[in-house]
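Chains L and C supply the protein sequences, listed in that same order. All residue numbers for the first sequence refer to the working numbering, where the first residue is 4 and numbers rise by one. All residue numbers for the second sequence refer to the working numbering, where the first residue is 509 and numbers rise by one.
Quick caveat, the hints were computed from the structure, so don't treat them as lab data. We treat Cβ as the ideally placed atom computed from N, Cα and C, and that holds for glycine.
Take a look, some chain L residues computed to stay more than 12 Å from chain C by CB distance:
id	residue
1	48
2	50
3	54
4	89
Between beta-carbon pairs, the in silico distance windows are:
id	chain 1	residue 1	chain 2	residue 2	range
5	C	664	L	108	54 to 60 Å
6	L	181	C	614	45 to 51 Å
7	C	549	L	12	35 to 41 Å
8	C	593	L	108	26 to 32 Å
9	L	44	C	615	35 to 41 Å
10	C	684	L	44	39 to 45 Å
11	L	120	C	510	39 to 45 Å
12	L	109	C	531	51 to 57 Å
13	C	594	L	48	35 to 41 Å
14	C	531	L	72	44 to 50 Å
Straight-line C-alpha distance at most 20 Å; calculated SDA-like pairs for lysine to any residue:
id	chain 1	residue 1	chain 2	residue 2
15	L	7	C	520
16	L	7	C	673
17	L	7	C	672
18	L	7	L	162
19	L	7	L	172
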Amino acid sequence: MFSKAIRRTHMYLALFLTPWMIGYALSTIAMNHRAPRPTSYVTERDETYSNVFEPGTPPRDIARQILADLAIEGAFGVQGPAPDGRLTINRQGLLTPRRVTFTPADRRVVVERVEFDTSGFLNRFHRRRGFQQPYAADLAMAISVDAVIVAMVFWALSGLWMWWEMRATRLWGIACAVTGLGIFAVLVLTI
Amino acid sequence: MTFPHFVRRAHLYMGLFLLPWVVMFGVSSIPLNHNSAPDPPRWTPVAQQPFHVEVPAPGANLRPIGRLMMEAAGIDGGYFVNRVNPRQVNVNHPDFLRPIRILYHADRGQLIIERRELALRSFILGLHTRGGYDLDGFWDSVWALFVDIVSVALMLWIASGLYMWWHLPVTRRWGWTALAAGGVCFAVLMFSL
Numbered sequence: 004m005f006s007k008a009i010r011r012t013h014m015y016l017a018l019f020l021t022p023w024m025i026g027y028a029l030s031t032i033a034m035n036h037r038a039p040r041p042t043s044y045v046t047e048r049d050e051t052y053s054n055v056f057e058p059g060t061p062p063r064d065i066a067r068q069i070l071a072d073l074a075i076e077g078a079f080g081v082q083g084p085a086p087d088g089r090l091t092i093n094r095q096g097l098l099t100p101r102r103v104t105f106t107p108a109d110r111r112v113v114v115e116r117v118e119f120d121t122s123g124f125l126n127r128f129h130r131r132r133g134f135q136q137p138y139a140a141d142l143a144m145a146i147s148v149d150a151v152i153v154a155m156v157f158w159a160l161s162g163l164w165m166w167w168e169m170r171a172t173r174l175w176g177i178a179c180a181v182t183g184l185g186i187f188a189v190l191v192l193t194i
Numbered sequence: 509m510t511f512p513h514f515v516r517r518a519h520l521y522m523g524l525f526l527l528p529w530v531v532m533f534g535v536s537s538i539p540l541n542h543n544s545a546p547d548p549p550r551w552t553p554v555a556q557q558p559f560h561v562e563v564p565a566p567g568a569n570l571r572p573i574g575r576l577m578m579e580a581a582g583i584d585g586g587y588f589v590n591r592v593n594p595r596q597v598n599v600n601h602p603d604f605l606r607p608i609r610i611l612y613h614a615d616r617g618q619l620i621i622e623r624r625e626l627a628l629r630s631f632i633l634g635l636h637t638r639g640g641y642d643l644d645g646f647w648d649s650v651w652a653l654f655v656d657i658v659s660v661a662l663m664l665w666i667a668s669g670l671y672m673w674w675h676l677p678v679t680r681r682w683g684w685t686a687l688a689a690g691g692v693c694f695a696v697l698m699f700s701l
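Bound-form chain L, shown alone:
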């Protein structure tokens, strides 16, 4: 019974997390063969922004308000203010990242989106993690990353368990495990 539960959990967990594992496998290959490319932006909006902020308002608060007014709320980073007061907000969209430039002097806001490219998307997917951003989607992503972590360790342990139950595979299994562990240890200790 216990053995069957282990087998079924191993399998159903893998079926559920299949999209994440495909994403991590493809993005790891893309990152391992890195070829930096310049980011190209397309202007989406260039308009007057009427909201006025009190002097001394923290840049993050200004950025959050601007993103809310533009209806593109979500995880972001902010740079500035520059000497002319300009703020650059990087809205960290996974599929469509955007750069929002707010110039208080002429009350202008320019929204540019990053043109989609597969390599950039995979890179962003792989690096999307952590519990710092206060948005539900980011929290869900961080929880899913934790689920993948738990699953990877569980797959390893349950895989060992299932292997040990199959007596016919023990000899070759030990050979594979010892070889893999040996190569890993040598690489970690020497490079």
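Knowing the structure of chain L, use the given hints to seat chain C on it.
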């Protein structure tokens, strides 16, 4: 040996061979997903020596000066190189256990070699983030090759796992449920972020 038997054995033996990498990538994701402000790294000076080379202009290829700095420091292997300012170039040799950095101060004509002592967090993060074939070190490329092998193995585990699931008719209904639920959750997440 039948094909289903071969698929099962390949799934198993590949897993056993790559087990250390799977555990490593899983465990090393914990500090990345739960990042706290790390203690600043402590670098211990190992040596310093005179060194005179012109600092390349901004945008120029820094690999040659990096190689010269590595050779002058007597260190073999892969390295990262960056130009801090017109008077300083840094080289980082990413040793897993005790990384080395070489600082070239052009205005003083001085090369400073420093070593960082083993720190668990940095060690774990180094295992996860090291990769790429552009570090100019043979063993770095071997490590990158294993990163590729693990990535391809992940795809093969998925393919062989789906195959084995399909050959267990009794699990199809719950299998479809898990697969569909994962696909929907993933799609919603991708479009929400």
